[in-house]
Each structure stands twice: as C-alpha cells, then as structure tokens.
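Going line by line, the protein sequences match chains E and U.
Sequential numbering from 1 applies to the first sequence in this note's numbering.
Sequential numbering from 1 applies to the second sequence in this note's numbering.
Derived by calculation from the structure, the hints in this document are not laboratory data.
Just so you know, not all the hints are guaranteed correct.
Which copy is meant is left open, so a pair is good if it fits within one copy or across any two.
Using 25 Å as the maximum straight-line C-alpha spacing, the simulated DSS-like pairs for lysine-lysine come out as follows [what the hints assert, rightly or not]: (1) K300 with K51; (2) K51 with K67; (3) K313 with K51; (4) K195 with K47.
Here is how the chains run, residue by residue.
Number of protein chains: 2
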Amino acid sequence: MINQTIFFSNNNVGIADTTTIAGPKEGEGPLKKYFHNILDDDLLNQKSYEKAETKIHVAAIRHMLNKNGMTAKDIDCVFAGDLLDEIIVSSYAMREFDIPFMGLFNACASFAEALIVGSSMIHGGLMNRVICSTSSHFSTAERQFRFPLELGTQRTPLSQWTVTGAGCTMLENNPELPIKLTCATIGKVIDYGVKDANDMGAAMLPAAMDTLKTHLKDTHRNPDYYDLILTGDLGDAASRLMKKLLKKEGIDIEEIHDDCGVLIFNREGQNVGQGGSGTACSNLVFNSYIYKEMLNKRFKKVLLMPTGALMSKTASLQRETIPGIAHAICVEVV
Amino acid sequence: MINQTIFFSNNNVGIADTTTIAGPKEGEGPLKKYFHNILDDDLLNQKSYEKAETKIHVAAIRHMLNKNGMTAKDIDCVFAGDLLDEIIVSSYAMREFDIPFMGLFNACASFAEALIVGSSMIHGGLMNRVICSTSSHFSTAERQFRFPLELGTQRTPLSQWTVTGAGCTMLENNPELPIKLTCATIGKVIDYGVKDANDMGAAMLPAAMDTLKTHLKDTHRNPDYYDLILTGDLGDAASRLMKKLLKKEGIDIEEIHDDCGVLIFNREGQNVGQGGSGTACSNLVFNSYIYKEMLNKRFKKVLLMPTGALMSKTASLQRETIPGIAHAICVEVV
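For reference, chain E alone in the conformation it holds in the complex:
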C-alpha cells in the first residue's frame, strides 16, 4: 500500500458484465435508455417496501446469472450492502442464492467498498468471479432515516431523493477483459459537524474532497488523467461547492467532474431536490450509463467515488453529527 491507495497491479481485475434494475421514477429520468430493466411500480405486490427492495435486489443478481447462463456455483462470492438497519435487504436477498456472502456497510459508499473488496480478492488470486451488488429504495430509506411517508413532510431545499433500484457488477480474474479496475483509494471517516439529515451533500463533501486529494497525491496524477471524476451522491449544491473549493487549492475538475445524484434525475422536472442519493445511486449510474459508454470508448479513464453519510436514526435522536466517507476506484479501458 502506498499510503491510502492500493494498486491492482496484476492487471487481472476485469468487469465481465453489469446489470441494473431502476425504479419507475429513475426510469423516467435522463438515463432511462441505459438501464437494463425498469420497474412499473416499486411495491411489486409485496406487503412492505422492505420486502419489495429485497425482491429487487434478488432480481438484479438473478438477472446477472441468467443473462450469462450461469448458476450459483459459477460465482465465488457476493459482496453486497444496502441502507437498511442490519443490511437486511442484502442478507435476506442472499437467502435465495447458494453463494458465499459478505455484507458490507459504508452507507452510500458501500458500492465502492464492494468493488474494492471484490477486486482485492481477485487480484490476490483468492477468487475468480464475484458479484458486487447494492440496492436502495426511496420508501424504505425515507421512513428509516427521516419521516414516515404518510406524514407527507415538506422536503427541504437541500434534501435529496433516495434512488430506488439495484445493480450488480460482475468482476472476473481475466486479463482479456477490456475494462479493468486498476487501483483504489480507501477513505477515512471525516466529520465536519453537519447535523441535518436532510443535507447529506454537506455531510459527505469533506470526505469526498479528502479522498480525491489523497488519491491524486498517492498516484502522482493530475485530475486530467481522468476523462471523468464521478462522485456518488453529493447532489448539485455540494458538487458545485466541491469544484469551487478544490479550485481554490489549485485542483481544477470543473470540466471533468460529474455526480451520479445529478445525472440520474432531471432536477428541473422530477422534484428531487439536489438530486439522487442512496446505495443504488452510484451503482445504477455506473453499471448502466458509465459502463456502456466505457465499452463505446467515450470514457476511457473514470474515477468512481461513491460517498456515504454514516448516520442512523438513533444517532440523530442522540444529537450526533453525521460523519462522511468516500472511497475512490479507478476504472480504465485498457
């Protein structure tokens, strides 16, 4: 390890395939043509939204297996996470599969964590093929972290909209694959004292900046090494603030930065506040739009940087602040 960054220098960690299942609202957004599947409704005839989210998570993994003609025995491990208490969605989803399971939690940065742990297993020759999956659901996250939906609470200007959906990345030990995961910077927990559970962007921004600066230092790269530096779910206001603050420090990412939370919805017409958020946000954007445009070589070097706000209802009620974390993973067409 050079400081915080690990290098998958065996050049063997490839993306074999991706899949996504987007919720109805996400399916009406600007990325609709990129999603593999779009749901008509988000309750799926289940008795609760938690059960619906579990069903979506199961469907994403099953779709990945089916479209590749694979069964459980072709997958060495699933690395999965979600936003619910005790990550019950991932745990209950994995009841349906006869596949080893490791549950991960770094809030909305869990997708990065899954990719990093999966890549590390493959890089070291411990596993050959793994699935990294995450999910989130507007209706499970809102009522767990904020208010009962039935209250119809007015949304604040800096709030974001939790993305409904699930997605998987299948990683393979295969030097022939065109898109590789080449290195990763593992983030630290950073707390600037934000207490507003409706302003996730502010809570995660310091962590995103710290991880990005560390990544550039550890790799001796300038930002223009990348075609795209893609944060997970800072939302619009925090994204703009990040670019401004970085510019003051001499790091210009104005032209190459984007945010999955901004990309996934049409902020003008979809009433989503600052944009999307949630464990599925960076997952759905990366596994659909970004991966497909990397296959088309529109993007060749992408720094994917999912961000997480490490809070819980209990912590909020105990007046705790909300720390953030961000992990960066470098994805390259090689």
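Once you've looked at the hints, dock chain U against the given chain E.
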C-alpha cells in the same frame, strides 16, 4: 478458490498482536485473567449506552496502537463492525482515527469477516498492517433487537446475554510471526425458519453446520486436524445439538468443540441463559484466551467460526424469519 474456501498460501498473514476490553460482567467470568482490560462500569460517564460502546471501541483501537508504540500512519486500514443499526459504533469510533476504514456487517460473524478481508488484503500484498475490530454492548443490543431494558422483561430459557466489550486483532504481512491465518471458508446465508429473536442459537446452528462441513470437505481434513473447533455464540443448547447432529453424519467433534458464548460466562452463576452472544463475543474470547494459549502452544490449530443471526427489528416486526451465517477461519501455530 476451491469451492468456498480461500487459502492464504503465501504464508505471510500473521497475528502481530491482540487486545481486549471486557465489560464488568465479562470481567467476572471464567476468562477474567486473560482479558487485557476490564471495565468497572459499562456506561463510562456517557449520556447513552451507544456512546459508551463507541468509547469502548475507540479505547480498544487506541490501546492497540499505544501498546505497540504506533500511530495512525502505521496502520493501512481498520476493518470493523458492530451490531447497531448502520454500524454507528464502528463508524463513529473511526472519526477518532486518521486511518482508512471499511465497515462490515454479518451480525455476530462480523469479526470473522474482518479477519478474512484483512487477511486477503495482506495475502495479496495490498496492505502491510491492518486492525480488525468489533464491539458489542448488552444494553445497546437488547434495546435495539428485543425490549427496552426499563421494562425488565423476563428472559426466556433459550436467550443469550450480549457480551459488552471490544477487541482488536492486528494482522501483519510478516512470515516470521508464529501464529498465522492460513485459510478461510466463507459462509452462505441459511434460513431454517426460526422466528424467535430470543433463540439465536437455533437460528445460527444450520449455518454453523453447513460452514463446518464445507470447510472439512474443501480442505480434505478430518475434524481431528484441529485442537479446537470454536463456534462464535451458539450457546450451550445449540452447541450440544450441533455435536449430536454432526455425530449422526459421522463427524465427531465431541472432544474438540467449544463455543465462545459458553466459555465467556459462568452459566451457573451469572444468569446468562445459554451463554454469551454478540459481535464482541468471539472477538474477546479469541483475542484473549485463545491467542494467549496459542502463544503458549496449548492450542496449535484452531478453527474459529463466528456465527451471525441476520435479523433486524423491522424484519422481526414484519414477521420475517431469522437467517444465519457462519464464516470459518483457520489459525495455526507455524
């Protein structure tokens, strides 16, 4: 990967040190002479038990650094988990350290998960020195998963007592260290339909049996390869049942099996039901008693098998069953 088992065949994943902080009740139990630190009270002048558990988790990591004369920069990553919603104890503990962090959750099997991910990073040369830490607290877990403590609810015969404490294992890329982690079997989520949140042993037993049988098959070993097969927190009744069921299948572990939940308390005098449980249970027993007795060569080959019950309050209220998971990690004096 040979089926579910990964082999750290570079023979470079060593245990550099361990530390434990046990709660007052644990400190009165049979392992008291093995713990590194014993608390006088379990609230530690904090305003909530959640904050107290966080303080204990911080203290364990700090103790590990201090006794080795290390600072944050000597540690590549902390892999940590706990039982609370959104693993807030681990996340908030990591605010105090300028160290990269990955949060893990497989309930009480999270300690195994931390050891496995940490070992994988070291085996592959991605990291040189990591800390694997977990914590739990009777008073945070009971009120989150079961009843408010103030109710004084009568405990059922099959209930267990969540262990209060935190511990760390420091792993190092160092072929010279006498105690190594040599392989691991990653468990699957297994659900036999148990619904009683006061009978964790029954929920986890099928997963423990599955992982053990898989481990023996994958490694072509007989149980007597080990001096000790140590489950995490099945408790007394489920441990006895496991031995009986395995014997029926021709696998005799009668003389070499023990359970951390049984070892950590004196069941006769401490009113703990079937024994201890919690993310700290296998951690405290392994990092004190087992590690010290491995250094003394009383145990030379130990299969550590933390078990987890994958439930949440929401899932219980929605009448879900409780699936289990167990991971096995082979620790050897070499």
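Verification of the supplied hints:
no.	hint	in the structure
1	K300 with K51	neither (38 Å within a copy, 45 Å between copies)
2	K51 with K67	within (24 Å within a copy, 47 Å between copies)
3	K313 with K51	both (20 Å within a copy, 14 Å between copies)
4	K195 with K47	between (33 Å within a copy, 18 Å between copies)
Checked against the numbered hints above, the structure violates only hint 1.
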